[in-house]
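Chains as they are written, first to last, in my numbering: chain X, 1 to 254; chain E, 1001 to 1242.
Among the hints, erroneous ones may be present.
[Claimed, not checked] Distance condition first, Cα-Cα at most 27 Å in a straight line; then the derived BS3-like pairs of lysine-lysine:
{"hint": "1", "chain 1": "E", "residue 1": "Lys1008", "chain 2": "E", "residue 2": "Lys1214"}
{"hint": "2", "chain 1": "E", "residue 1": "Lys1017", "chain 2": "X", "residue 2": "Lys5"}
{"hint": "3", "chain 1": "X", "residue 1": "Lys21", "chain 2": "E", "residue 2": "Lys1078"}
{"hint": "4", "chain 1": "E", "residue 1": "Lys1008", "chain 2": "E", "residue 2": "Lys1134"}
{"hint": "5", "chain 1": "X", "residue 1": "Lys215", "chain 2": "X", "residue 2": "Lys21"}
{"hint": "6", "chain 1": "E", "residue 1": "Lys1008", "chain 2": "X", "residue 2": "Lys215"}
{"hint": "7", "chain 1": "X", "residue 1": "Lys7", "chain 2": "E", "residue 2": "Lys1072"}
{"hint": "8", "chain 1": "X", "residue 1": "Lys215", "chain 2": "E", "residue 2": "Lys1078"}
{"hint": "9", "chain 1": "E", "residue 1": "Lys1188", "chain 2": "E", "residue 2": "Lys1214"}
{"hint": "10", "chain 1": "E", "residue 1": "Lys1017", "chain 2": "X", "residue 2": "Lys7"}
[As the list claims (entries may be wrong)] Chain E is faced by these chain X residues, among others (derived, beta-carbon under 7 Å):
{"hint": "11", "residue": "Thr3"}
{"hint": "12", "residue": "Glu39"}
{"hint": "13", "residue": "Gly187"}
[Unchecked claim] Beyond 12 Å from chain E on every Cβ pair, some chain X residues (computed):
{"hint": "14", "residue": "Lys7"}
{"hint": "15", "residue": "Gly129"}
{"hint": "16", "residue": "Val133"}
{"hint": "17", "residue": "Val135"}
For the record, the hints were derived by calculation from the structure and aren't laboratory data. Nothing here was measured: the structure is a model prediction, and the numbers come from that model. We put the beta carbon where it would ideally sit given N, CA and C, even for glycine.
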Amino acid sequence: MITAKVKTNLQLVGEITELFKEFVRCLYTRPFYLGRIYEQIVHLGIGSLPITLVIGTVTGMVMTLQFGYGLEKFGGTLYVPAIVSLSLLRELAPLFTSLLIAGRIGSGISAEIGAMNVSQQIDAIRALGTSPVRVLVVPRILAAVVSLPLLGVLSGFMGICGGLIIAYTEFSMPVGFYVNKVLSTIGLMDIVGLMIKCAFFALIISLLACYRGLKTTDGTRGVGNATIWVTVTSSIIILISDFFLSKILLLLFG
Amino acid sequence: METLLEIKNLSKSFDDKPVHCGVTFNLYKGETIGLLGNSGTGKSVLLRSLIGLEEIDSGEIYYRKQKVNGLKEEELFKIRTKVSYSFQNGALFDSVSVYENIAYPLFEHTKMKEAEVDAKVMEILTLVNMAESKDLMPSDLSGGMQKRVGLARSMALNPEVLLYDEPTAGLDPVNVELVLNFMKEFKKQGFSGIFVTHDIPAAKKICDRLLILKDGKIYFDGSVDQFEKSDDPFIKNFSNSN
C-alpha cells in the first residue's frame, strides 16, 4: 500500500519534470507563439488586476490597524510604516497574491485544458501535427511568470497605500512621516526578492495546472477534481517553498 | 498496388486486458477500407494507434515504409499531416470559430499567406456545405455540422490517408447521406481512407474492402461482394444484426 503510494507520487514528480523539460525545450525551438503569450498575459495578468488591487489594499489596511493598536500600548506606533512595508514586500504581498492567483488562474488553466482533454481537443491538436505543450502550455506558463511578479509588486504598493490611509485616519500619522519611513526601510532588493518569489510561485502554479489539465480524465467530474487538486497542491507547495525561498533571499540580499 | 499503411502483428492491451492480439492488414493507395466490429472491439483504438495517438504494446506500423510506432511525438508530426484523423465528435477547438478551426493546420504547416489561407478555407468549407457558417462558434453548430467541419479540418492539408472515426454515428439520414457524399468526393480526389463504422450499408457504399475485428484479430478481410456472399455464421449474423 505504502510502496504503491510512493511509486505513484514518484511517477507524478517524474511526469511533471518531463513536462517542465519539454517546456524548456520549446523555449529555444521554433515555432514560438508570441501572439498566444500576449493573449494569455491579457487573460491571466490583466484579468487578475481587480483581485490584486483589493487583496493588496486590504492586507495593508488590516496590518496597519493591528500593528498600530498593538504597538500603541508600548509607544511604538512610529514603527508601523517600517513593519508594514517590509512584511508586505518580503512576505505578504507575494504570498497572498500567489495564493489568490493559484485559486484564480491555476484552477482556470487546469479546467480549460482539462475540458479540452476530455473533449478530445488535445488529441486533435496532436492529430493535426502540433504539440499541445507548445500551443497551450508554453504561453500559459510564460504569461504567468511575467504577470505574477508585476501583480505582486502592485499588490505590495497597494498594501503600503492602504496602510497609509489607516495610519493617517486611525493614528493621525502625518503622510510625509509615513512615506519617509517606508522609503528609508525598503530597498530595491526587497522588490527584486518579491519578484523572484512571485515568478517561482507562478511557475509552480501554471506548471501544475497545465500538467493536471493534460492528464484530466473521467469527464466533467475529472475537470472538477483537477481544479481542486491544482488549487490545493499549488497552495501547499507555495507555502512550504516560501520558507526556503525566504531563507535563501535573506542569505543573498540580507 | 502501392502500399500506404502496413500493420503487422499489432497488439495492444489496457490494464492487462488485451484489445488487439496480432492485427495485420495493409491499406493501398486510392482504396477505402471499412473497419467493422462489435462495440468494444477496439476499432477506434486501432485507428488512433495508426498515427501514434495510442501507444501499442507490440507489432509494427509503417507509413510508406517508414516505421510509425516508436517514433517520438515530434517525429510523428510530419506523418500526421499525411495521415489525417477525423474524430467521432469533430473535436473542434471550441474557443475559436469554424474558420479558425480549418485555418489552424494551414497556419501551422504551410507558408501560405493570409489571403491564400482564406481561399483554401473557403474552398474546403464550400465542399462540406459549411461556407455560410464560417464565423460561427462550434457550440452554435449541430452534431452533424460539427462532424462536417471536423472532416473539413482533417483534409485541410491534403493528406494521403483519412482516418474516419464513425463519421455517420448519431446522424439523421439526410446528414448521413451528406457525409457519405463528402467521403465519396474525397475518394474521387484520390484520398485513401479507413472508415470505422457500425453502419454496414454506409460501409458497403463507400468501401472497396471490409475488415471485421473480432477477439482482437482481423476476422474477415475481403471485398464487399465477398462479405455479402460469405457463409460464415458470425459474418452472416453480424451483417443481419446491423
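Go through the hint on Gly187 of chain X and say holds or violated, using the shortest Cβ distance to chain E against 7 Å.
-> Where the cut-off is 7 Å and the nearest Cβ of chain E is about 44 Å from Gly187 of chain X, the hint is violated.
Straight-line alpha-carbon gap Lys7 of chain X to Lys1072 of chain E, limit 27 Å | Between Lys7 of chain X and Lys1072 of chain E the Cα gap is close to 25 Å, so the pair holds against 27 Å.
Hinted contact Glu39 of chain X with chain E - closest CB pair below 7 Å | Interface hint status for Glu39 of chain X: violated (11 Å vs cutoff 7 Å).
Would you check the hint for Lys1017 of chain E and Lys5 of chain X, treating anything up to 27 Å between C-alpha atoms as holding?
-> holds, 23 Å
Would you settle whether the hint for Thr3 of chain X is holds or violated, based on the nearest Cβ-Cβ distance to chain E being less than 7 Å?
-> This hint is violated: Thr3 of chain X lies away from chain E, its Cβ roughly 19 Å from the closest one there, beyond 7 Å.
Compare the distance between the alpha carbons of Lys1008 of chain E and Lys1214 of chain E with 27 Å, and conclude whether the hinted pair is satisfied.
-> holds, 16 Å
Keeping to a limit of 27 Å between CA atoms, is the pair of Lys21 of chain X and Lys1078 of chain E held or broken?
-> holds, 22 Å
Within a Cα-Cα threshold of 27 Å, do Lys215 of chain X and Lys1078 of chain E meet the stated pairing?
-> holds, 24 Å
Please confirm whether Gly129 of chain X is truly not at the interface, meaning its C-beta sits more than 12 Å away from all C-beta atoms of chain E.
-> At roughly 4 Å from the nearest Cβ of chain E, Gly129 of chain X sits no farther out than 12 Å, so the non-interface label is violated.
Given the hinted pair Lys1008 of chain E and Lys1134 of chain E, is their alpha-carbon gap at most 27 Å?
-> This hinted pair is violated, its Cα atoms lying about 41 Å apart.
Beyond 12 Å from each Cβ of chain E, as asserted for Lys7 of chain X = The claim holds: Lys7 of chain X sits with its nearest Cβ about 16 Å from chain E, beyond 12 Å.
Does the claim that Val133 of chain X lies outside the interface with chain E hold up, using a Cβ gap greater than 12 Å?
-> It is violated; Val133 of chain X is separated from chain E by about 9 Å at its closest Cβ, not greater than 12 Å.
Violated hints, in rising order: 4, 6, 9, 11, 12, 13, 15, 16 and 17; the structure is consistent with all others.
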